[in-house]
Every structure is written in C-alpha cells, then in structure tokens.
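Listed in order, the protein sequences are those of chains B and L. Using the working numbering, the final residue of the first sequence is 1031, and nothing's skipped along the way. Using the working numbering, the final residue of the second sequence is 1460, and nothing's skipped along the way.
These are calculated hints, taken from the structure and not from any lab test. Since the model is a prediction, treat every value here as computed from it, not as a measurement. All residues carry an ideal CB built from backbone N, CA and C; glycine is no exception. One or more of the hints may lead you astray.
[To be verified] Computed beta-carbon distance windows for the label pairs:
#, chain 1, residue 1, chain 2, residue 2, range
1, L, ASP1445, B, THR753, 24 to 30 Å
2, B, GLY944, L, GLY1222, 45 to 51 Å
3, B, GLU718, L, GLY1222, 28 to 34 Å
4, B, THR753, L, TYR1213, 28 to 34 Å
[As the list claims (entries may be wrong)] Derived pair list, reagent style DSSO-like, types lysine-lysine, alpha-carbon separation capped at 27 Å:
#, chain 1, residue 1, chain 2, residue 2
5, B, LYS850, L, LYS1456
6, L, LYS1455, B, LYS850
7, B, LYS1014, L, LYS1341
8, B, LYS852, L, LYS1226
9, B, LYS59, B, LYS82
10, B, LYS638, L, LYS1341
11, L, LYS1226, B, LYS1001
12, B, LYS988, L, LYS1281
13, B, LYS850, L, LYS1447
14, L, LYS1460, B, LYS930
15, B, LYS850, L, LYS1341
16, B, LYS852, L, LYS1448
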Amino acid sequence: MKNLVTLVFTLLIGCFSLAQETFPVNGTTNPNHTVYAFTNAKIIVDADETIDNATLLIKDGIIIQVGTKVSIPKGSVIFDLKGKSIYPALIDAYTNYGMPENKTIYKGMLPQMGSNTKGAYGWNQAVKAETEAFKIFAGNNLSADEFRKLGFGAVLTFQKDGIVRGSGTIVSLADGKENLLILSDKAAALFSFDKGCSTQDYPSSLMGTIALIRQTYLDADWYKNQTPLASRRETGGEVNISLEAFNNLQMLPQIFETTDKFNVLRADKIGKEFKINYIIKGSGTEYQSLDDIKATNCKFIIPLNFPIAYDVEDPYDAINVSLTELKHWEMAPANPVAMEKYFIPFALTTADLKDKKDFWKNLRKAISYGLSEKQALRSLTSTPAELLNISDKLGKLKSGMIANFIITSGNLFDEKTIIYENWIQGNPYKINDYSTIDVRGNYDFAYGNKRLYQLKIEGEPDKLKGYILIDTAKTPVNVIVFGNSVSLNFNPKDMKGTIRLSGTINTESLTMNGKGQTPDGEWLDWSATFKLITEIKKESVKKDSVKKDVLKYGQVIYPFCAYGKPLNDRDGFNKIIYDLKTRYDAILIKHVTVWTNESEGVLKNQDVYITEGRIVRIADDIGAPKLAFAKVIDGTGKHLTAGIIDEHSHIAIANGVNESTQASSSEVRIGDVINPEDINIYRQLSGGVTTSQLLHGSSNPIGGQSALIKLRWGKSPEEMKFAKADGFIKFALGENVKQSNAGDFSTLRFPQTRMGVEQVYYDYFTRAKEYDAKQKSFEALSEKVKATTTPFRRNLELEALAEILNQKRFITCHSYVQSELNMLMHVADSMGFKVNTFTHILEGYKVADKMKSHGAGASSFSDWWAYKMEVQDAIPYNAALLTQMGITTAINSDDAEMGRRLNQEAAKSVKYGGMSEEDALKMVTLNPAKLLHIDKKVGSIKVGKDADVVLWSDNPLSIYAKVEKTIIDGHIYYDTEEDLKLRQEIQKERARIIQKMLDEKKTGAATQKPVVKKQKLYECESIEKEYLREN
Amino acid sequence: MRKFFLLLTTFITITASAQTKSILLMNGIAHLGTDSVIQNSYIGIKNGKITEVIDASKTKVELGNYDEKIDATGKHIYPGIISPNSTLGLIEMESIRATSDFKEVGSTLPNVRSLIAYNTDSKIISTVRTNGVLLAQITPRGGIISGTSSIVKLDGWNWEDAAYKIDDGIHLNWPKMQIRKYLDEDNIYPGPYEKNKNYTKQTADLKKLFFDAKAYNETEVVEEKNLRFEAMKGLFNGTQTLFIHTDNAKEIIEAVNFSKQNGIKKTTVVGGKDSWMVTDLLRENYISVIVARVHSLPEHPEDDVNLPYKLPYLLQQAGVLFCLDNSGDMEAMETRNLPFMAGTAAAYGLTKEQALKAITLSTAKILGIDNSTGSIEAGKDATLFISTGDVLDMRTNNVELAFIKGISIDLNNDQKKLYEKYKKKYDLK
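Use the sequences and the hints to build the structure in full.
Now the structure itself:
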C-alpha cells in the first residue's frame, strides 16, 4: 500500500461550473471562489524545472502561486499530495475536437467547373479561408473525456476541410458552456494539400493545388491593396469574403498539414515564396529526409501513428509488403528522437492515431527508441503553447496561467504511472476511479488463527489481482476496493470453499483489517500490514535491457525504398550533403569504343577521363590517372555513349500528371511535384537514361510547366533538377484535349472539337499579350505612382504564357494529325511565338516541309500506332523521314517501361527508313538535348561537357546491348555489379525485419494483411480522379 | 534490296490458296528453331511442305528439280514466328469500341469462339508479318472463362481460309486473390488492392462447372443440350488445352492443383510473372508457360530491375517448357515486336537459338501444332522467312521474303505505301 492517498472530492463538478457573466440564472446563483492548495507534491513546472515538496495554489481556474514557500490562505481546500507529482496538462495542437462532421456529397460524373459555395466568396470551393472554428465549435464531453484521460487539458481544433481551412481555435477540454471554453478564438490558420469535401473539379492534382495556393496568396495581396471598399464599385472592384478572410488569417501562426516528407518541402517552398515559415503538421516520415527537413527551418507538429506489423507468415504474401513499409514499420517510432537529435522543434499530437488509446503506448515506444522524457514533455506542453502563441496561459505551471494540470502517481512517462486527476480550468476530472485507494503492494497477512502469510496485490487500479504466497504455492485472491472498504475472496488450499473477508483500509497506519466468514459460515478476524520491499529495482534493470534491444533498427536509405542506399554508417539518420566541389569521383575508362555524337563520329579504342563532373580528356592512351582515388574501368569490347535523354517522360511525378479540369493550366508546374522515390528512376538508369523531361499530361490545350531532371537517384526533388535549364510547357492537340476518349460525360468542357482548340489558343494568347503589356507598363511606373495606382494583379496562368511570348518559356506540344500541326504553327506565327517541339507527332511526316519552315523540332515514338483514330496514319518511318527533311528529331518514351529501352527504339529507325546508326543514337541523346536547349552541356561525348555517359556491353543500338554503368555528373548511379549487391542487401534487410515482425506478432501485437500494390504509371492521358481521397 | 523485290514479284502471290511451284532456298544460314543452325543450308519446298533440309557442309547437295531457286547466301532463314495469346484481328483501334471484338459479355463463356471474329483484313496484320510473325493464336479476353481460341495463318481471304487449328484451347482467367477496390462510386478510378472476398466462391463455382462439364461429356444420352459443356469436351479428352491466365505465385499453385484435380490433360499457364518461383511444381506436372511480354516492368520495386527480361532464362534453367507472348497494352500492333522480346531474352541469359525456339518451336509445342510447324524440318509446313540479318535484333531485322505453307506472302503494307508516297512528295531517296 505504497502511496496511499485519498483524493476524495466532496465538491463535485457542478459546484465548479464556470461562471457565465451574461447568462440569466435559473434558481439561485452559486458563486464560488474557493482557493485550492495542493501540497507536498513534486511539481513539474515545465520540462526544465521541477520543484520537490512544493505547493500549487489555484483560484477561479487560475494558478495563484507555485513553490515551496507558498502561504496558504485561510479557508483554502488543501490536498496533501505527498508522493505525487503535478504536471502541466498536455496540449494537442492538432485536433478536430468539437467540430461538425464533414459531409462529402457525391456529385456524379458531370464536370463541375465552378464553386458550389453560395455568396460573395472566392472562385474555388476548396479555399475556405472564411471558416472560423470558434464559431462552429460545440463542446462534446464524450470526446473531451478521451483526451482528458490521456492527460490533455487544451487543444487546437479546426475544421479539417479544404486546402485553406480558415482559423482554428484553442479550447479547454473542460465540460461547460462553449463561451468559457474558448481560450483563444482565432489561434492559427490552417492549410493542406487536400481539397476535402470540395466538389469542384479544380484542382485535380497536387501541382494544381500548389498553384491554387500560390494564386490565392497573390490574389489576397492584390485584394488588400485595392481601392477602399466604398469606391470599389466605380473602379470595377469586387467584394470577396474569402480573400478578405485570407488576409485576416495572415497575422496568425500558419499551420500546413503534410502527408509525407516531400510534401513538407513542397509546403515550405510555397511558404518561402510568400515569406512565411509554416508550422508543419508532419506525417511521421520526417526521419527519412532529415537534412532537407531541417533546412526548411520550420517547426513541426508530429503524430505518433506508428504502423502495425504485417502478417508475413506466408512468404508469397509477404512479397507484397514493400521494403519501404518494412523499414517504416521498424523505424517510425524513431521519428521523434530523430527530430530531437536534429534540434528540430516539434510538438506531438494524437492526430492520425487510429485509436487515441494508443497514444501513451506509442509515446513510450518512442521513448524506448531514445526520445528524451524532457523533450516528450516539452513537445506536449510548452512547445505547442509556444507554436500557438498561448504560452502565457498554457503549457507551464506558473502563476497567472490557466490551472490546467494533471496529478500522477509518479514520472508521467513511466509505464506504471497512473494519472489520477486532470484539472482543467480549475475543475477536477478523475481519470482512474479511485475513490479507490491504491492498495497495490506486499503485505503480511493473517486471518483466523492462521500463521502469517504473504499477500501480494498487483495489476491495474481498477483491475486488481492478488495472491497469497505459501512457500512457492500461489493462491489467487479476488480483491475489490470501494471507497475505504476492501473485500478479499479466496479458496485456501487447506479448506473446501471460499473464504470471504471484508475490511477497512487505514491509510495512516498502512493497514487493512476487518471481519470475514469461512466456507462454513464461521466468523473470523483478519489483518494485512503493508511492507516495503526492494523488488522494483530488479524490474527496472530488466526494462533497460529491453530498451537497448528495441534500439537496434536499420538505417535510413536514400531514397527510402528498394535500391536506396545508406549514406553514412555511423548514424541511422545522417545524410552527407554531396558537395560536388569538394567530393567528386574520378573515372578513367580505357580502350572503349566512343560514340562521340560529334564530327569525330565513332572512335575505337579510346580512353576517356572524367572528373569533377565533367569529361576532361578523350585520347588514345591517357595513362594512369594522377588522382589516387580514381577508378579505372576496362572498356575493352564495350561502347561508351552520351547519357540517354528522354524528351517525354512522366516518371517521378507525385499525385497527378494532369490538371485536366480547365482548358488551360499553364499555372501548374511539374517542378513542384517531383517524386524522387519513384523506383522507375532507378529502372531508367538501368537503361542508360540520365536526363528526363517530366511533362504535364495532354488533357488540355495548354497544359502545365515541365520539369527537367537528371536522374540523381537518392537526391531530393530540388537536387534532381537540371540546373539553369530553360523552362518548358506542355501543350496538346487532338483527341485528348477535346476529351474524345474520356467517356460520355466529358462533353461540357470547352473545347470538344479541333475547331475549338484553335480558339482556345487565340483567346489565351490575346489575353496574355494584353497582360504582358499591362505588367510591363505597371513595372515601368515609379514606386510613388505605383502606390497610388490600382495594383497589378499577378496572374500565374497568363504569366506563363507571357513567358512564351517573351521567349523565356518553350513549348512541347502533344500532337498527332497534320491538320492540327498546321493550325498551331499558324497560331504561333500570327501571335509571334514558336513551337519548339512537337511531341508524338506521328503525322509529322505529312507536314515536314511546314515544320521545317516554322523551325519546329520533333520528338516521336518509333513504331506506335493503332491505339486511337488520330494515329491511324502513323508510320514507323516518320522519324527517318523527318530527319531526312532536316528536322531535329528525337525518340521519346512517354512510358516508364519503354523509357529504359530508348536505345532500341532509336535503333528501329535503322530498320524502318535506313537511318545511319550514329544518327539513330543521336535521336535519344544529342537531338533531345538540342530540343531541350541543353546541348551545350549534355548530349555528346566532348571535353568540357557534363560527364553524363553510359557504358554498354555491346553496340548500343543492338537488342543485345546491356547497360553496365550509368554515370551522371561523373558519379556512377547505376552499376550492374553494385545492383547485384543491392539486391542481396534488400533480401537480407527484408528477411531481418520480417523475423522481427514475426516476433512482434508472437507477443500478441496487432497486425495487418499485406495487399498487392501496383504503382500508378503515368502517361499522357492519365487523369487522376480526386487523387487525394486515397489519403 | 529493291532489285531483289522486282525479281521476286514474278512469284509473289497475294493471298494465294496453294503452292504451285516448288522452291529451293540455297546457301542461307538456317536457324531451325530446334536450337540448331545450319550455316550453309539447302531447303526444298514442295506443295506447301518442307521436303528437305540439307547441311551443305556435311551432305552433298543434289539440286533436284525445283521451279524456283532462291539464293540466300549470307542471309538468315527462320521458321515462321508464332504469336500466342494474341488479339490480332479482333481489335483494330483500341479507343474505338466498334473495332473491338475480343471481349464478350458474361463470365463463363467456353463456347464463345474467337475464330469467327478474326478479321483477315485488319490493317495491323500486314505490318506484323513484315517482321516475321506468320502465325497467331487468336484469343478471346475477359470474364472468368473468356472462350475458345484458334490458331490462324497471318494470310488468308477470310477466317475460314486463315484457320490453322480451330478451337485449340479454352482460356480461363484464374480468379484473383486480391482485387482492386474503386475510389469512386462509378467504379472507374481504381484504388488500392484488397482481399477478394469472392475468391472461394469463384473457385468453387469453377470446380462445379468443370465437374458438371465432365459428367455431361461422359453421359451417353444427353437430356438437354448445353453449349458451354460441349465446348469444354476437348479439355477432358486431350484435344484441347486449358490456358490458365495468371501471374501470381499462389494463384499459379492453385490453378495447377485445380487442373490436376479436374483431369485436364493439357494445361498451360499464361502470363506467369511469378512462374520462376514455382518451377518445380510446373515441371513435375508438365505445365508449360506462355511468358507475358518480356518488355515489361517488374511487379515489385524490390524485384531485380531486369526480372522480366530474365524470366525466360530462369524457366529454361529450371527445365520448364515455355514460349513468349506479347499481350498487354496495344498488343495487336506491338505483335511486330515479338522477335525483339526474344532478342531481349537472349541478351539476358538464353542463347540466340533458345530465344528463337521460344517464339517458334516451343510455341508450336505449347499450342499443339509442332507436328506441322514451328521449325525448319523436312515434312513440316513450309512456313518460314528470309531476313538479311539477325531477326531478333531490330538493328538487323529485315524480312525480305516470307512463306506460309510454301506460298510467298505480300510483305507490303499501308505504312510502307505512305512512306513511299511522302518520299515522293519531298523528292527523297
């Protein structure tokens, strides 16, 4: 009976009800200004300050004083908390407590071009800046109780719906009228990449979502600087509740929800553009990219949603659990400690837990992985309070702050610790029903005339188990405690039937005694005396060794999937930041056949020396390299070519390749949604691809802006981008843009014919010209005049088109039939721009002369046809014919599978049309480099160019040629030998984690069934319906 | 090459019905399809059959009495390539519903026959045989039992005329253990996979169907005619093959056991992406595999990036009979790339002759037509072609002359015509 305390509150909750100044009273008023004193407690003021044997004084829901020298006023209610601890109540900075449920309305198959929100709101239904959580908050005692039981006293709550979600409010978890529960009405602004219940089509992709957020910032800024409301009507201005609200949100802490580590970087990029450092609601995957996460300089709110193990008993089923999932299962609990080690400030939240009851279990797991208890406490108290600008009221136990605190039996993070009471705004909430006294412990026990036995009582306070120990024999005892009464039942070994005892607990003398009846009905006396023992130490020793065991987990690999590699073997999280200037490889390839793509043609038996990312020398015999670390490769019988460049690819794109909802989406940027963890990057490397242009899809005449990447496997999205490359944009013609094959419902969006397509271009470019002129004349104004002029509204969509007119952005146009090719060239000529590249262009051979005079290039398939009406005249001789006509022609993939066989696709022109082998190879190297304006850097093997080269086992145009090494910037990114090693490592790592999962399952842990996963492969026509609903 | 063409026009018959003149192919490098090569060969063709195959380095050649003698010095001669599991002639333009004839409504349709929808005039066919593919197994798709396939020559006036082996097999799509659920109410946008709750019922239904069909076909006096049961007769007497389409290892195991339990005489797994994991089972039960398109991506991110390329080699090593198909996206038009699938298999482990066998003789064996075709051997059909270079490599594949049952077929096609037309327009050579 250690720590015997009775905290029996005679004052019940009703008496504490918070006073409501403006409300009429039914009956007699009940003012209450009692002072409560909690004495002799260990008070944890905050993570850094603990006061032993201290007193906490509260009144009217506010802390009056904390310390060892507190004078308790007369007439105070005093609670003696000897042996107990008081912690600040926890704060959850990310909840939807007390919010109305989101209603998803199924809108059917017809497109919805505009917002369904009625009123003077903004154009997009997913921008709900006007939502104010404090106005719709309705307390809910049942869900509040869930939080209170865990030790929480206050939460930030908001409506989880939309991309811009308006403001959240901080509320206490007390029970009562909302008027008094709201601690901060507008506490934070909330954002996400999830359009939520919006039924409007736009945005249908992640890149569209990002564009929408950016345009909203610009619009809000413009709106702010408009003429005053009163005179707006004269100037043609508008009233826009959403933008008004958006501007009002700006003074609040800005919280952005993310669903994976790359979305953190994406959110941060938006933030930096508009000079905002978001607080990021993380996903629990931050540890997989810590350097980049750290570099954002953002603060975080982190969930504890650790995945449960998979059923991996069946090896065939287990194949469906990816290495990423296996590793994440093992490493997810290390996320908080990783953040701590990297000094990234973070709060912890119950958000994303399937069951809130897992909160403590998971938090303790995180601690066993190394998270410090101090950090854990900070992340649940002072950090969330600071993030939400309410640290003057919440998060610590200091005078003047709100009296939100919890009373525990000891160290909050210890598994055995019980939270007794959770006081919120000065109101007590009992967590464990302990009118119950904690009677757990060892006793000297005697009944009737029997000798002294050992009685042991253990278990949870509400589920006690007892044993009488006679030598080594154990007799179970049923123990029930209610108030100060205790009853014990047991079947003694030497008697038939049950002995029933009833008694009183004396908390002063640490004894229990009373009367009982034998099975025969004889009355007897009994007593039990508490005694201290030293058993506890043993247990804690055991626990430590368990802790160390748990800590053995694998390393982070970059990228975090199969064929990723750890970059440092000392620390599980460290990633070396590659600095090309200080760390480079040097490679000398000897006796190799070099396909230069230059006037030298194919050179036999050459040495090629590469260092500092460049091709340094090509000669007959270079001799031994001076650099000791240089790698020498024997190229005898092998072929070296420039890296393959795929002019048209859709790999490595996250959440949607088409923003298909409008005829133009020039505001969206593939560069915002690069996914460096697409296994197809590695697979393309295995086919010798070094550079890929990632294109928007072809579902609208004016698509999105392209991204050009080098396939630097293992690097971050930004590190993958081809430095200083010209910007490109995707256009499209024909069946896709007129939605011919998009189903019977897709008949609303303009255009539906090739006639309409032309008008889209004329209209947009006419507007872009006007926009451009307006912008230029606005920019020309002096600052003084600017200040008094109606501000210029930046329009991301027209801005991209103006870039085309100003030769700062270039077009890759999806196209098939000759009529539409002709049309676009006419539009371009009359509007003053050029079509840089026609892609697909299967009927290019029919208008090759016109293309030649317009100056367009071509990027085509070798032999595709017969998949739709507009390709019925496609011929495999197209590339050869175009080349003969003097048009820069490339062969592209548009397909992750074919992307790794582009050399073979190029070789088909040798067969179809008799192209020379050198010219054929150029179609996948130098020519696409020319089309992409990067031929000064890549595309041929020439001294000074980037060392992007491929070593082949055979003539690169032969079906028998295999890639042996793919080198980018002088680094080997694919190597057949290393590939084999990686495969062995993958197998080993999988086997190791699978064994661990099996062990965990044996302990009775919950598991989930593995399911087949098929990666979504994008091609031009891929349209993702509500891609975010999967989340 | 142009000259050669002119020379040949004298005996090229456009879609002829029978060989009239005898032919001798001289001095060509003959790749027999059996794994062996004759560097200097003499191949005699009469009445649609190969009459003699002579290795000039071993046997003295007597130039018998042939109407035509064709010098193939330095050129390569191959048996006609066979495309199994193909929808050639059943689909013309993928996005146009009116041109699609490979998928009937219903889930159990053994009596639905592909042959009668096979369009000999499909514009795709002429672009396919140009690369050496001369026979195809025309296969229905969809449902659980899609229907009955037939093997056709890729030259013919009509389907009756093109038919090579009628109703060779029945195609069963093994029920999936895991299926996709859909994200939207209209079942258009597929979401993540989940356990197929109907799997047990679907397999039980299949068992019942096979039991019933077997019993029906053993009944002496049939009470009422059942077209479906009758269509399955050949499965039980060994005249037809059961083609079970499945990729997943566990499903393959289930499918093999199913076939054993139902006394199916001949079974082939089609697809078989995981077949390398269960080779013992396949070999021991004499189950062959039609390997899905070699030019594919691996199923899982952890897989060897080249696993689909290596799969034929893995089966070869394990002693499993296999051949290659080209099913998948745009499969009809992609059929012309079937030789290159074999080329890739050769790059990743097979010898070139083994790779050739995987699109000729092995295919013929699996389809049950190896008695009459699939290799260059005396007594077999004279279905073969001459290429100036290695036919498995796009760099050298160049088919000059092709025969189906001794008849030289037209190697021109609409694409070549357009090419010539525009060369003329631009005055190019």
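Cross-check of the supplied hints:
no.	hint	in the structure
1	L:ASP1445 to B:THR753: 24 to 30 Å	27 Å, holds
2	B:GLY944 to L:GLY1222: 45 to 51 Å	50 Å, holds
3	B:GLU718 to L:GLY1222: 28 to 34 Å	30 Å, holds
4	B:THR753 to L:TYR1213: 28 to 34 Å	31 Å, holds
5	B:LYS850 to L:LYS1456	13 Å, holds
6	L:LYS1455 to B:LYS850	16 Å, holds
7	B:LYS1014 to L:LYS1341	21 Å, holds
8	B:LYS852 to L:LYS1226	56 Å, violated
9	B:LYS59 to B:LYS82	21 Å, holds
10	B:LYS638 to L:LYS1341	22 Å, holds
11	L:LYS1226 to B:LYS1001	21 Å, holds
12	B:LYS988 to L:LYS1281	23 Å, holds
13	B:LYS850 to L:LYS1447	22 Å, holds
14	L:LYS1460 to B:LYS930	26 Å, holds
15	B:LYS850 to L:LYS1341	45 Å, violated
16	B:LYS852 to L:LYS1448	23 Å, holds
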